[in-house]
Each structure stands twice: as C-alpha cells, then as structure tokens.
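A.B. asks: Given next are the chains, with one letter for each unit.
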Amino acid sequence: MSRKQKFLAVFLGTLVVFFGFVVVRVWALKPPSTIKLTAIPAGEYDPAVWGKYYPLEYQSYLKNKETAPSPTGYGGSVNVQKAERQNEIYTNFKGNPFSKDYTEDRGHPYSIEDLLHSKRISPASKGACITCKTPAVEQFYNEMGWVYANKPLSELIEKSKHPVSCANCHDPANMNLRVTQPGFIEAMSRKGVDVTKASRQEMRSYVCGQCHSEYYFEPGSTKVVFPWDKGYTPQEMYQYYADKPNGFAQDFIHPDSQTPVLKAQHPDYEEWSNGTHGKSGVSCSDCHMPYMRSSGQKYTSHWVTSPLKNINESCLPCHNQTSDQLYNQTKAIQDNTWQLQHTAGLTVARGHEAIAKAAAVPAVNQTELNKARELLRQAQWYWDYVAAANSQGFHNSVQELHTLGQSIDLANQAINAANRAAGTNTL
Amino acid sequence: MILLDKNGFWSANALKLIFLGFCGAVIGMLLFGAGLSYADKPSFCGSCHSMQHVYNTWQVSSHQQFTCGDCHLPQDNIFSKLYVKGENGMRHTYHEVLRDYPNTIEFTETAEQIANKNCLRCHAYVVKNTFLSHGDTSCISCHRGLPHGRGGSEGGVKVE
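These protein sequences, in sequence, are chains A and B. Those letters in the first sequence? Residues 1 to 427, by my numbering. Those letters in the second sequence? Residues 1001 to 1160, by my numbering.
Simulated from the structure, these hints should not be mistaken for laboratory data. Being a predicted model, the structure only gives us computed values, none of them experimental. Among the hints, a few may not be true.
Stated by the list, open to error - Pairs of lysine-lysine, DSBU-like flavour, derived with a Cα cap of 30 Å:
| id | chain 1 | residue 1 | chain 2 | residue 2 |
| --- | --- | --- | --- | --- |
| 1 | A | K30 | B | K1016 |
| 2 | A | K279 | B | K1016 |
| 3 | B | K1158 | A | K63 |
| 4 | B | K1085 | B | K1016 |
| 5 | A | K191 | A | K309 |
| 6 | B | K1117 | A | K52 |
| 7 | B | K1128 | A | K309 |
| 8 | A | K191 | A | K279 |
| 9 | A | K4 | B | K1117 |
| 10 | B | K1117 | A | K197 |
| 11 | A | K65 | B | K1081 |
| 12 | A | K371 | A | K65 |
| 13 | A | K30 | B | K1085 |
| 14 | A | K82 | A | K94 |
Unchecked claim - Pulled from the structure, derived: some chain B residues nowhere near chain A, Cβ distances all over 10 Å:
| id | residue |
| --- | --- |
| 15 | S1047 |
| 16 | H1049 |
| 17 | E1087 |
| 18 | T1093 |
| 19 | V1097 |
| 20 | P1102 |
| 21 | N1103 |
| 22 | T1104 |
| 23 | H1134 |
| 24 | S1141 |
| 25 | R1144 |
| 26 | V1157 |
Cβ coordinates follow ideal geometry from the N, Cα and C atoms, glycine included.
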C-alpha cells in the first residue's frame, strides 16, 4: 500500500468507528426505560437490601444523609435549635418538652437516631412515638394492633433496626406505593377514602401525608389520631379540637398563663392539600421527589428535599419561567411569611405574659381572664400551624399569611382582654 | 494524479468525464436529498431518547400534521434552515452520546425566536391588528403548552 492508500484506510476506518459508536450509542443501545421487578421478602426493612436491586433509587435515598441549610435559608436539614432564630419558642412552649429541644428535622435516614437523642423523649415515652420513625411499625401493628402505641417506647425502639425507608411506602412484592401508618388509614376512612383504592397520583401524596401531618395521641390508648374530620384548614382543625375529641383537651397547660395549649405538628400535607399545587393535582413527590436522569435513564429521586435544589426537574416541567424567577418568587413568599410568623409568635408570647400578670391581680375578673385564655389558645394554634410546618408558607401562602394575620389579631385581643380582666395595663 | 499525466487524456475522454461528473452529481444530490428528507421526518427526531416525550406529545397534538422542523427551524431560506439544522444536529448528537441532557429541556433564546416566527407564519392574521404582530412578543410565553403539553403527562418509571 502506498502512503496515500494507508492514509485513506486509516481515515475511513476512523470515520466508521466514530459514526459506528454514535449510531450504537444513540440508536442501537438506548438507555433502559424500565426497571426489572425484584420482589423483596415481606418484613425486610433494611433499605440496603432493597438497594441492591434498585441502585439508582437507593443511591438517591442515601443523599438524605446530607445535612445542609435550604437554598432560601428557611428549614433545611441541619439540626439547629429553632429557638435560636425564634426566641418566642421558649415562652410559648414553657412547661412543654418543645421548649427544651426543638430542632430542624434531618432526613429520613436519621429518624431513629434523632428520636433517641431527642430531649423530648423520657423513660415514660410511649410506643406511639415510633409510629413514623421506622418501617417496622407495619410489623408492630400487624402483631398487636394499636396496643403497640401504649407499650414503653424503649421496648419498641430496640426492635426498630431501620429508619424511615423503602418499606414505609412500597409494597415489597410489586413495588407499588402503599401506606403503612394506621392513623392515616383510619383518618382517611373516616373521610370516606379507601386508601387501597387510591390512584397512583393520589398515592404519591398519601405516602408523604401518612406522616407529614398534624396529629394527637388519644388519651388512654395513646393511639395516633389525625384531626381531619372537619377539614384541613387551621380554622377547621381548631373547631375539631374545640369538641375535645376522644377526651383530648390540650397538649399542655401553659404554666404562666394557665392557657390550655394545642401543639401543632408539621401540618405539611394539610397546607399542601388546600394550596395551589394540591388543588391542581400536583403531588408531593412531583416536586420533592422529581424524575431525574442518570446516563439518560429516568428514575424517581428518593432524595426528599427542597425542590429549589432541583428547579429544572421539580419546577420547570410545568413552569416556563426562568430558574432565578422561580427561586426569587419562593424566597419572597418565605420572607413575607417568616416576618409575620415571627411577629405572631412574639405577640403570642406577650399574651402569655399579660394573662399571667392579670391573673396575679387580686380583684381579677375571671370571666374576662378565661376569654383571654381562649383567644390566646386560638392565636397560638394559628401561629404554630404555620411555624411547625416545613414550607415556611410556600405550600399555601395565601392561607398561611391569612392564618398569621388572624393569629396576631387574636393575640392582641387576648392582651386587651387580659388588661380588661386586670382593670389595668398589664404590659 | 494519474488522470492528469497525459495531455491528450482530456480531449479523448471529455464526453465520458462529463457523463461521469453528471452521474456523480446526480447520485450526490439524490443521496443528500434522501438524507435530508429522512432527517426531516419527525420519526427521525423522535428516535433520540431525549426527544421521546416531545415526540409522544406532538403525535397527539393539534399540530400533528406539521413536522418538527416546520416550527423549530427557520423557514426564511434554505441556507439558514440547513445551518441551524446542522448546528442543532451536532449539538444534540453530542449530548445524546454523552447522555447528559437535562430532565427538562428548555428553549434557548434563539430557539424560542425561531419557533415564534413560525407561529406567525400561519397565525399572523389572527394578531395582525395587535401589537403582537410586531414580532417582539413571544406567542409561546402564553401558549406554552402547545403542542407538547406542560409536563406531568409522561408518568413514572415503569417496573416490569
């Protein structure tokens, strides 16, 4: 072969290899669009075992171990004390364990560890506390029904080897979504919803709502009950509590003001359900567990986190504004909600002080004073409904701002009533 | 090369050469035309993994009688059309091979301008008495679900 022929042969060979590679990579061997089903034995709660067969999902689940502030600075997964920013927490939860230890929550893999280290837990704590901390709750409920809720927490924690993970939300036999939290299933059935007949899109929110919701422990049995019978808004839930459901009157009595206080617990599902996204049929998972791609293969992210960390995957499938615009809009909603929330919290704290001072006046008008307590109970519930939730107002900004406005007004009314009861300006 | 060695070659083979050149040109044009017409088909665009979603949504849209290029390539002249097609094709192939395309594919500014001009190719009469006819406002900023829908329609990861 002459030099020219050799050159030509090498040139043509390179072309064939290059375009051959492109053709194979783009058309012949496409990235897979399905996952092979591997059934996991029932009762297998170790996420690492599931992860062997669902590696992309498991790798993204492990990212829940990351601790970082949220992109806007509200919430996040670093376990700092909330009271560092909201001093009013010490006053408003005085006499309740929440004044001792109330941190930002970390990701699912820490659920057991953080429960063990929480100062809110004592040797007297009941098994009900394990309900949303481990997939083993399925086993506890199957074995003993609600009796588990009344057992000592220490006994159940020993049997709970794994934190919130795959089996909480997935049927091991076919990977379909399922809910395992008995309190949620009962609450939905009281609303006429059979969760076993729910659509896939509904399940994509139910699996989150089974735990990210407001609840109380039924006196006596310590059963977990969701206060949803009248609706999801703070007003409807307050109405529900006003009837002392199952004999439940309050979470604690404030030692200074003697106000029977309701402690709100992360009503994220409730906020969302009446918000724009909830009303439009956008599920929790659509934003918090978006579809991601890894080497072209689509999978559901199991890194349950702020959608602002994945705006392209979480927001842009529906919104066609720029990422910056969407981030700024969210930040503005959260800034506004935060300001009113802090004002409401401080006003409620002043309410406790005013009532305590009025109660110390010898000739205090008890009827007025009890009115003040009722007003303050409502004000604190409205403040806490927003403050205890994780979205800093984003899930339903109109409702949250309205609720905080009401809270501030009610707290001021409580202060006025306390002043009237005392016949003098208490503060 | 060899052909140029003899001076008499050209005069002796002139007709043959003209014929060969002609045939070569015809075959070349046929190949080019066939390639272009093949690559103009939506099924070709949809054969890329990253285009699956837009291809599926287009098939059931009110614009299914048009090809991808009708909207996404400039139609003012063949040269700008071929230029954009070639540039896009190379860029898309690059990312398709690397498989690093994002989950949600967004319009670049140029791409939006091109598509917008193509809306007006058919729909100009609708807006001719309004400021929209100036062409500096994008039709797509409101009609964003056309024709590819607005997400959520593709469903999840299938387990088999």
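A.B. asks: Take the hints in turn and mark each one as holding or not.
C.D. replies: Consistency of the hints with the structure:
A C-alpha spacing of about 47 Å is found between K30(A) and K1016(B), which places the hinted pair above 30 Å, so the restraint is violated. Our distance criterion of 30 Å between C-alpha atoms is broken by K279(A) and K1016(B), whose separation comes to about 76 Å. Between K1158(B) and K63(A) the CA atoms are separated by roughly 23 Å; this keeps the pair inside 30 Å, and the hint holds. Among the hinted pairs, K1085(B) with K1016(B) is inconsistent with the structure: their alpha-carbon atoms are about 37 Å apart, more than 30 Å.
Annotation: proposed proximity of K191(A) to K309(A) is violated, straight-line Cα distance about 35 Å (limit 30 Å). Distance check on the hinted pair: K1117(B) and K52(A) sit about 51 Å apart at the alpha-carbon level, beyond 30 Å; violated. The hinted pair formed by K1128(B) and K309(A) fails the criterion: a straight-line CA distance of about 42 Å is larger than 30 Å. Of the pairs offered as hints, the one joining K191(A) and K279(A) holds, with about 17 Å between alpha carbons and a cut-off of 30 Å not exceeded.
Of the supplied pair hints, the one linking K4(A) and K1117(B) is violated, its CA atoms being roughly 49 Å apart against a limit of 30 Å. Taking the CA atoms of K1117(B) and K197(A), the gap is near 48 Å; set against the 30 Å cutoff, the hint is violated. At most 30 Å may separate the alpha-carbon atoms for a hinted pair to count; K65(A) and K1081(B) exceed this at roughly 50 Å. Of the pairs offered as hints, the one joining K371(A) and K65(A) is violated, with about 47 Å between alpha carbons and a cut-off of 30 Å exceeded.
Restraint check for K30(A) and K1085(B): satisfied, since their Cα atoms lie roughly 23 Å apart, inside the 30 Å limit. With a C-alpha separation of about 15 Å, the suggested pairing of K82(A) with K94(A) holds against the 30 Å cut-off. Look at S1047(B): its CB is around 6 Å from the nearest CB on chain A, not clear of 10 Å, so calling it non-interface is violated. For H1049(B), the non-interface assignment is contradicted: its Cβ lies about 5 Å from the closest Cβ of chain A, within the 10 Å cut-off.
Against the 10 Å criterion, E1087(B) stays outside the reach of chain A, whose nearest CB is about 17 Å from its own CB. Not every CB of chain A lies more than 10 Å from the CB of T1093(B), the least distance being 6 Å, so the non-interface label is violated. Taking the minimum C-beta to C-beta distance to chain A, about 5 Å, the non-interface status of V1097(B) is violated against the 10 Å cut. With a cut of 10 Å on Cβ distances, P1102(B) falls inside the contact zone with chain A, its closest approach being about 5 Å.
Separation of N1103(B) from chain A is inadequate, the least Cβ-Cβ distance of about 4 Å not exceeding the 10 Å criterion. Taking the minimum C-beta to C-beta distance to chain A, about 4 Å, the non-interface status of T1104(B) is violated against the 10 Å cut. The beta carbon of H1134(B) is kept farther than 10 Å from every beta carbon of chain A, the shortest such distance being approximately 22 Å. Distance check on S1141(B): its Cβ comes as close as 8 Å (rounded) to a Cβ of chain A, failing to clear the 10 Å threshold; non-interface status is violated.
Distance to chain A contradicts R1144(B) as a non-interface residue, since its nearest Cβ pair spans about 5 Å, not more than 10 Å. With a cut of 10 Å on Cβ distances, V1157(B) falls inside the contact zone with chain A, its closest approach being about 5 Å.
The structure fails to meet hints 1, 2, 4, 5, 6, 7, 9, 10, 11, 12, 15, 16, 18, 19, 20, 21, 22, 24, 25 and 26 from the earlier list, while all remaining hints are met.
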